[in-house]
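The whole structure should be built from the sequences, with the hints applied where relevant.
Protein chains: 2
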Amino acid sequence: MTREKAPRAPTIREVAKLANVSTGTVSRVVNDASDVKPAVRKAVEEAIAELGYVPNAAAKSMRMGRTRTVGCILREINIAQLGGFVSTAQNVLNESGYALLISNSEGRREREIKLLRSFSSGQVDGVLMGPYTPIEGEMEEILRDLPVPLVMIDRDQPPWCDAVYVDHEGGTRLATSHLLGLGHRRIALLTGPMGLHPAVSRVRGFEGAHAERGIAPLPDLIVSGSFLRDHAYRATSALLSLSRRPTAIIAGGIDMLSGVLRAIRTHGLAIPGDISVIASGRSDLSDLHQPPIAVVGWEQSEVGATAASLLLDHIIRGRRDEPRRVLIPTTFDPQASCAPPRGPGSAEGP
Amino acid sequence: MTREKAPRAPTIREVAKLANVSTGTVSRVVNDASDVKPAVRKAVEEAIAELGYVPNAAAKSMRMGRTRTVGCILREINIAQLGGFVSTAQNVLNESGYALLISNSEGRREREIKLLRSFSSGQVDGVLMGPYTPIEGEMEEILRDLPVPLVMIDRDQPPWCDAVYVDHEGGTRLATSHLLGLGHRRIALLTGPMGLHPAVSRVRGFEGAHAERGIAPLPDLIVSGSFLRDHAYRATSALLSLSRRPTAIIAGGIDMLSGVLRAIRTHGLAIPGDISVIASGRSDLSDLHQPPIAVVGWEQSEVGATAASLLLDHIIRGRRDEPRRVLIPTTFDPQASCAPPRGPGSAEGP
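Protein chains in written order, with my numbering: chain A, 30 to 379; chain B, 30 to 379.
Check the hints yourself; a few may be wrong.
The list treats identical chains as one, so a pair stands whether inside a single copy or across any two.
Below are the DSS-like pairs computed for lysine-lysine, each with C-alpha atoms no more than 27 Å apart in a straight line [claimed, not checked]:
no.: 1; residue 1: K66; residue 2: K46
no.: 2; residue 1: K46; residue 2: K143
no.: 3; residue 1: K46; residue 2: K71
no.: 4; residue 1: K71; residue 2: K143
no.: 5; residue 1: K143; residue 2: K66
It is worth saying that the hints were derived from the structure and are not from the lab.
Here is the structure:
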């Protein structure tokens with residue numbers, strides 16, 4: 030390690046002198062600007078290497094008022110479907126010389142608030158997030174006072190903010206219609222807290238599909254409150270223990286399918302013989318399950334690219350006009366996990 | 030948003046005066062030190078809120094020489110098994126007042142190097158990573174010159190560095206023995222680049238289990254070079270197209286199972302009737318697949334907790350003695366995805 034350094038750190042002036050360029054050019058190389066000729070960049074990089082010059086990010090950030098970093102708060106990092114979002118957002122940001130730093134809130138309110146406060150204190154130049162905490166009270170205040178631009182991910186609140194959100198309503202409407210068309214009349218929808226767009230939107234689509242056919246949805250079979258996979262497991266277990274259990278379940282959250290499948294297995298039920306299943310978002314699990322699971326899908330990469338572009342517009346070009354709201358469309362992909370329900374005589378399973 | 034601020038930003042002195050404490054106490058509250066009494070913390074936080082004081086992280090970091098942030102470079106964020114690693118590491122760091130920031134290298138050499146350079150320039154106080162680039166040449170130099178402490182994750186190089194790595198050799202030896210005991214003689218091992226510990230270690234266990242029984246492994250069935258799921262798909266497809274295809278496959282990487290399963294499905298083969306399968310690391314996919322997939326497993330949370338503790342020792346207590354190397358044990362969990370191979374007459378499938 031280089032704990033033992035030369036007695037005095039080399040300066041940017043020394044680098045510039047050795048490379049025979051201006052200090053501004055050294056700064057542009059260090060900051061990865063795109064307007065530096067390759068030969069010049071090479072000379073500066075060689076001088077940096079020869080002198081062992083290390084630009085100090087803290088000093089640089091004070092000088093330039095920029096961290097060249099965007100913060101992203103995710104509920105969990107290992108949700109399979111977030112990979113497409115993160116890698117695309119990162120690519121778009123990198124093209125403009127920005128890094129993406131990710132933090133894990135575990136969906137906990139105090140952690141979300143702490144991360145936002147830390148971002149507020151100058152750690153990043155912009156924030157991408159979809160808070161798990163409903164946007165009211167303290168959370169709303171912190172977001173309003175955030176000193177850097179913010180783009181909301183899959184949230185339609187607050188209204189003054191740029192947002193990229195998914196048309197869960199449309200996809201859930203198609204999925205529910207498909208099940209109703211197969212003859213299901215006891216369809217369960219599991220989804221997250223009703224203060225959040227993805228839950229509200231899915232319930233709207235679910236109810237809309239019922240209304241279109243003049244069928245009343247069964248309110249006891251709409252279970253909202255959490256997007257967590259453990260909640261999906263417990264909620265599914267409870268539904269499957271009802272004397273008249275549902276004949277189909279829609280997992281209304283990107284990380285809920287595994288909980289639903291585990292509960293169905295625990296109850297010894299077969300898909301689709303005993304129960305039909307629909308997932309939100311395509312994944313290895315939905316694809317490789319036997320039978321493959323029907324999916325309400327959308328392009329997570331489109332969410333990532335759009336959100337990163339909107340944020341860069343604010344950071345680099347300082348856009349200040351009306352907030353922009355982008356709705357990402359959904360599709361429904363029926364698969365062998367959905368079949369007509371058994372007749373009433375056999376509805377309780379074998 | 031607060032682009033329009035008060036003409037002059039409040040200072041730490043004004044906060045201290047209003048809260049009737051010293052500036053040192055304000056600083057300790059801002060930096061989340063644990064030795065501040067709740068009542069004092071509350072008074073300071075109220076003064077901060079009243080005045081709208083925003084500590085500047087960049088200025089703070091220059092004053093204190095600390096960012097209170099640890100950087101972690103992952104190959105991909107959506108590898109299911111990394112969730113346990115990240116959340117545990119984050120919890121251990123948070124208890125000491127440090128945040129964990131994650132960056133995605135996509136396993137690309139130039140991105141790993143760029144992220145390390147950016148970390149070197151004062152962005153973080155320490156680094157957790159397992160480079161995908163073999164630790165030699167430029168990568169070795171950058172790691173050696175890193176001005177902050179480093180703990181390697183699942184790498185046994187470089188020798189001067191603290192490292193937490195997994196005993197893939199032991200688990201792969203158990204898995205291979207299990208398959209040999211069932212009568213398999215054409216076992217394939219897919220794994221990553223031979224410059225990296227997880228690949229080297231798995232090959233050693235694979236060859237060791239063969240040697241124990243006096244059986245020669247078939248070198249053509251050891252496919253190394255990449256841990257990526259797409260590589261696993263292509264390598265499995267190639268193996269299944271051989272005139273004498275393997276009767277069992279070990280997916281020797283935490284993100285390779287989905288590629289192996291896709292290729293087996295494309296070839297229309299049944300598990301375990303036509304081919305036995307073993308995964309590295311338990312996941313929703315290994316658990317919920319029908320049949321469940323046998324797994325070489327270990328505690329990712331133990332990797333995360335150990336690595337974070339070692340790093341904090343360096344950052345907070347400035348440890349400078351011999352590097353510490355921690356080996357995390359593995360287990361083998363046989364499942365219905367492994368069965369005896371069919372007789373030679375039916376080895377080509379139905």
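Quiz item: Which numbered conditions among the earlier hints are violated in the structure presented, ordered from lowest to highest?
Solution: none
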